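Participant: The whole structure should be built from the sequences, with the hints applied where relevant.
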Amino acid sequence: MLERALCALAIPPLGAVSPRRPLGRQPLAMLSLLWLAAVALGAVLAPYLAPTGPMATDPSRALLPPGPGIWLGTDFLGRDVLVRLLWGGRWTLWMGVEALALAVGLGLPLGLAAGGTGGLRDMVLMRLVDAWLAFPGLLLAMAVVAILGPGLSSVAVAVGLAAAAPYARVARATAREIRAQPYIDAARAVGASPWRVILRHILPNAAPALVAFAATQLGWVLLNGAALNFLGLGVPPGTPEWGAMLAEGRAYLRDAPWAALAPGFALTLTVLAANVLGDWLGQE
Amino acid sequence: MLGHGFRRLLGAVLVLWLAATLAFVAMQLTPGDPAQTLLAASGASPEEVARRRAQLGLDDPLPVQYARYLADLARGDLGVSWLHGRSVGRMILEQLPATAELALAATAFGALLGVALGLLAALYRDTWVDTLATGLAVLGLSTPVFWSGLLAILLFSLYLGWFPSAGGGDLRHLVLPAATLGFALSGSVARLVRAQVIEVLRMPFVMAALARGLPLRRILLLHVLRPAVGPAVTVVALQLGFLLSGAVVTESVFARQGLGRLAVQAILWRDLPVVRGVALVGALAYLLTGLLADLLQVWLDPRLRE
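If you're matching them up, the sequences are chains G and F in order.
Letter by letter, the first sequence follows residues 1 to 284 of our numbering.
Letter by letter, the second sequence follows residues 1001 to 1306 of our numbering.
Bear in mind the hints are in silico, worked out from the structure with no lab data behind them.
What you are looking at is a predicted structure, and each value in this text was computed from that prediction instead of being measured.
There could be a bad hint or two in this list.
Here are the computed distance ranges between Cβ atoms for each label pair [to be verified]:
1. Gln283/G with Arg1068/F: 50 to 60 Å
2. Gln181/G with Val1025/F: 29 to 39 Å
3. Pro109/G with Thr1234/F: 23 to 33 Å
4. Ala1054/F with Val97/G: 12 to 22 Å
5. Val1129/F with Pro59/G: 48 to 58 Å
6. Val124/G with Leu1288/F: 31 to 41 Å
7. Val211/G with Arg1051/F: 56 to 66 Å
8. Val124/G with Tyr1159/F: 51 to 61 Å
9. Ser60/G with Leu1058/F: 54 to 64 Å
Stretch-level coverage of chain G by chain F, calculated; a stretch enters the list once three of its residues show a Cβ under 8 Å from a Cβ in chain F [unchecked claim]:
10. 85 to 93
11. 173 to 184
12. 201 to 213
13. 241 to 254
For every residue, glycine included, the Cβ atom is placed at its ideal position computed from N, Cα and C.
Facilitator: And the structure:
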């Protein structure tokens, strides 16, 4: 079997590059999109779906296992875990969107300016990005939180700043690749200004790759934002943010694992969905 | 090769200098007076604070402070903790072994698992083996270590009782944290190895080896895996930043000593020199491993030697 596999691989069939399949025939990508939509919808509709709110405590119902009516159990203060998950989507998703906007807003112009023009500007900008990238992502975010002071908005800024450097790198690489194409030479030959070349010729052609990487980066900022909250550097105690919920549930892991496992599961699925979407978008 | 190594070294030094400068600028932009923070606990008088400011050199013009900062860094002096008044370098050195132990064990586990998964996925491409292996890889990339860590504690420590859930010391304490962090690392390694192996399999020399009737194991190990592992080494090295980040969280999950705990405490107390020190040590480690990986790749893949 192995030999056949080896031979089959060593001699590639003609037209081996498979084009991106449409969303309908890519069940995983479809599921990912549905999951993200469900989480977003749950976060938006939380006040209607769970009007009691995420903070409603009931000590007589503490640490109840999942059952009818309380589908994911209750935590140590008797708060419904499912309700808190729904509301928590607001904190987690909003933080992710803010951070991603910052990463793209900062990284995209930087990368395009560097890769789209080349030369000295490219070199200086990229050395700066390298220095930025040299700090391990989460450590860089932690340092930013240390400077800004703990809080959810600091977490979003910190994670967004940390994600901006890789985004700039990818934007630059994509822009450089496109800049080598003959139609860019043609555009320049007819006298298009550098910025016109970047905005009208490079950006539209780079867009698919950049959108795909943004989806992957969304996974990264969600993961690391939640990590900062888990470490206690973000939202104040008691906030129904997924990472913070996990940290709170940890103390009751033996008796009530659902309180910690449910938010972790929700977070993993969300990050997974972002990564799968990124992969799907990234296929040629 | 010497020329290449030298140029890489020069580049790394430049980036390190820029990173140190970024850290300096960030500290300057931070509101608050270090001398005041240092002496706040003891309720010092304004005169004492002023004296301390002069002693710390905070009254000097910025360029002088910057030059002194760089000179200190070059000697390995990372400054003094605002909270404990101790040398940051010493505090980091005390915590470094625990984190290094975790990082090394996780790298070994993650690299082995990643190469195995990637190789299997590539050889059995488009079969259920491929689906399973790439699925595991994406799962590793997407699972927060603080969640997989809790799952590991729940299963192996609370239910089965095989390994301790918290603390450090002997090898048994290392298994769960290293496996948790290693699993997260294996995802990116597996994906890269898969892509590399698929590419190498298309090379004429693999077909030639097959045609010569060499034993399959020999082809796989010498012709396919060796050139494919080179880039994987770079990726593993580039993941050191990820590894250090993950170690911070893993240490928190398993209540281990290490740089992570030091950094988290420092942030909660706004002990900025310690935070800066940990970040700079992270950057230094990252640049050094990148350099080593480059050289190792040249050694593994003879094509790069010309």
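Participant: It remains to establish, for every hint, whether it holds in the given structure.
Facilitator: Hint check results:
| no. | hint | verdict |
| --- | --- | --- |
| 1 | Gln283/G with Arg1068/F: 50 to 60 Å | holds (53 Å) |
| 2 | Gln181/G with Val1025/F: 29 to 39 Å | holds (38 Å) |
| 3 | Pro109/G with Thr1234/F: 23 to 33 Å | holds (28 Å) |
| 4 | Ala1054/F with Val97/G: 12 to 22 Å | violated (47 Å) |
| 5 | Val1129/F with Pro59/G: 48 to 58 Å | holds (51 Å) |
| 6 | Val124/G with Leu1288/F: 31 to 41 Å | violated (24 Å) |
| 7 | Val211/G with Arg1051/F: 56 to 66 Å | holds (57 Å) |
| 8 | Val124/G with Tyr1159/F: 51 to 61 Å | holds (56 Å) |
| 9 | Ser60/G with Leu1058/F: 54 to 64 Å | holds (57 Å) |
| 10 | 85 to 93 | violated (count 0) |
| 11 | 173 to 184 | violated (count 0) |
| 12 | 201 to 213 | violated (count 0) |
| 13 | 241 to 254 | holds (count 6) |
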